[in-house]
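Generate the whole structure from the sequences, applying the supplied hints.
Positions 564 to 1022 (this note's numbering) are the ones given, in order, by the sequence shown.
Hints are computed from structural coordinates only; laboratory data are not their basis.
Check each hint, because a few of them may be wrong.
[Said to hold, decoys possible] With a cut-off of at most 16 angstroms between alpha-carbon atoms, the simulated EDC-like pairs for lysine to aspartate or glutamate come out as follows: (1) 587 x 650; (2) 952 x 902; (3) 856 x 843; (4) 708 x 780.
[Unchecked claim] Derived Cβ-Cβ restraints for the label pairs, each shown as a range: (5) 874 x 761: 40 to 48 angstroms; (6) 715 x 929: 55 to 63 angstroms; (7) 892 x 846: 41 to 49 angstroms.
Using N, Cα and C, we set each Cβ at its ideal position, and we do this for glycine too.
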Amino acid sequence: MATTRYSVTCLSPVHIGTGTQLGKFDGVYSNGRWYVIDLDKIFAQGVGGDELAQAMSSDTFSWAEWLQGRRIPVGEVALYSLPCPQDPREVYIREGMKDVYLQPYIPGSTLKGAIRTAVLWHLLQHDRQARRFVRHYLLLATFAKDIRDRLREIARGNRDAEQDPNNHRRAIEHALEIENAEELESCLQVLYEAIGKDLRQARQGNRRERLGMRELERLGSIREWIGQPIERRLLGRDPNHDLLRAVQVMDSEPVGLEQMEVGLVWTYTLRNGQLVPKREQEGEYKAFAEWLKAETGLHTAIRIDETLFTQQANAVLAFGGAKEQAVRSLPGVCNKYADALIRRQREFATKYQMPVLRAFYEELQQRSQNLKDGAFLLNVGWGGGWEAKTVGDIVQELLRDEHFDDFAALRERFKLGADPRTRRVDVSAPFPHTRLTAYRNGAPAYPLGWILLEPMGTY
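Take a look at the structure:
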């Protein structure tokens, strides 16, 4: 196995979340720092559990007042503390990833997830059959209800008729308004593949491979899972056959807690053709997060499992050809994906008058053109947005033509970009139309999550 060691530099703040949000019962703001309270240290001060529980049951409880009333210095009962730009008050703080010694790090799974998206994007760029699969699958998922409704009309309660592939074909033809026989057959094959059934076997009468209404209801039923059939098609049908088995990414080495701080993040949205801080009647759209500071340096390693590319392994895993090439050229694959993302973000910031983001992406674009051999850029963690976590640019390209905007229908179906209050989707507005922006010294300064990996040697 070939292992390459990398230095990792945070080019902007990086928040890798634990899923925990910290509030007024977890800590206290004091003199420019956020202190997370250690209950064991509280009890070591002679405080009883019942006494503390009663105090914390009050709606007005605050650690600052409680500690002050008992003359307990907050530093004596804190698990840790971080610089914090202002009092979060009622706004939760997203906890950042740390090891058991309270040392921040970037998990290998986070790095691998970003690499996985880049590889998926690369394979889709160069595989016409896969692009056709994605287009047809997303159309099926978008109009799944119409397909089921039409099938019910055809079957009229007859279960055998519901499971007949010919009737599935007729339902698709009606719902998607497809006239081309070849395209219609392709959609039918994609339907069966996406749900994990064999169309040929179903046509031969194998009842285990036939689709009923229950299976059809799974199609696109959960927004967060919609990409799974696409990943299975391009990267492998199950974890044992997944191409990214060949890429083993180590957790970064931890760094000192002084490399972490609590930062302010504000949602910017479009108003009258300009990106502005989002404010509504119910309040401001801001958040706090424990993040690794910009310019923080870490180290990690990436190992390529060569045994999975042997002729014998390829006979079972089918990792050869374009898949193997993608893994063997990971830095280039990741950089092409990053370049496309950077270009779109720079154009968006320019069009909608966000100078600080435009300047960041112009500098990042310049940096990307002068990377040392084997170095590459990734966007990781929280805050990068929909485009940084998906192959969204390809999806939009595949679902839009001179006749139809099926991407608008996809947005309606899965509520992409919906108003959180009304759940309505304005398909005439750009998507995504918001950007999370990290603040520095009270002003917008960065997008989130950009890192640079530079090779230090292979062994």
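Hint check:
As the CA atoms of residue 587 and residue 650 are separated by approximately 11 angstroms, the hinted pair is consistent with the 16 angstroms bound. About 14 angstroms separates the Cα atoms of residue 952 and residue 902, which keeps this hinted pair within 16 angstroms; it holds. For the hint pairing residue 856 with residue 843, the CA-to-CA distance comes to about 29 angstroms; that exceeds 16 angstroms, so the pair is violated. For the proposed pair residue 708 and residue 780, the alpha carbon gap of about 8 angstroms is at most 16 angstroms, so the pair holds.
Roughly 28 angstroms separates the CB atoms of residue 874 and residue 761, a value that falls outside the hinted 40 to 48 angstroms. In this structure the hint that residue 715 and residue 929 lie 55 to 63 angstroms apart at CB holds, the actual value being about 57 angstroms. With their beta carbons about 47 angstroms apart, residue 892 and residue 846 fall inside the hinted range of 41 to 49 angstroms.
Of the numbered hints stated above, those contradicted by the structure are hints 3, 5, listed in ascending order.
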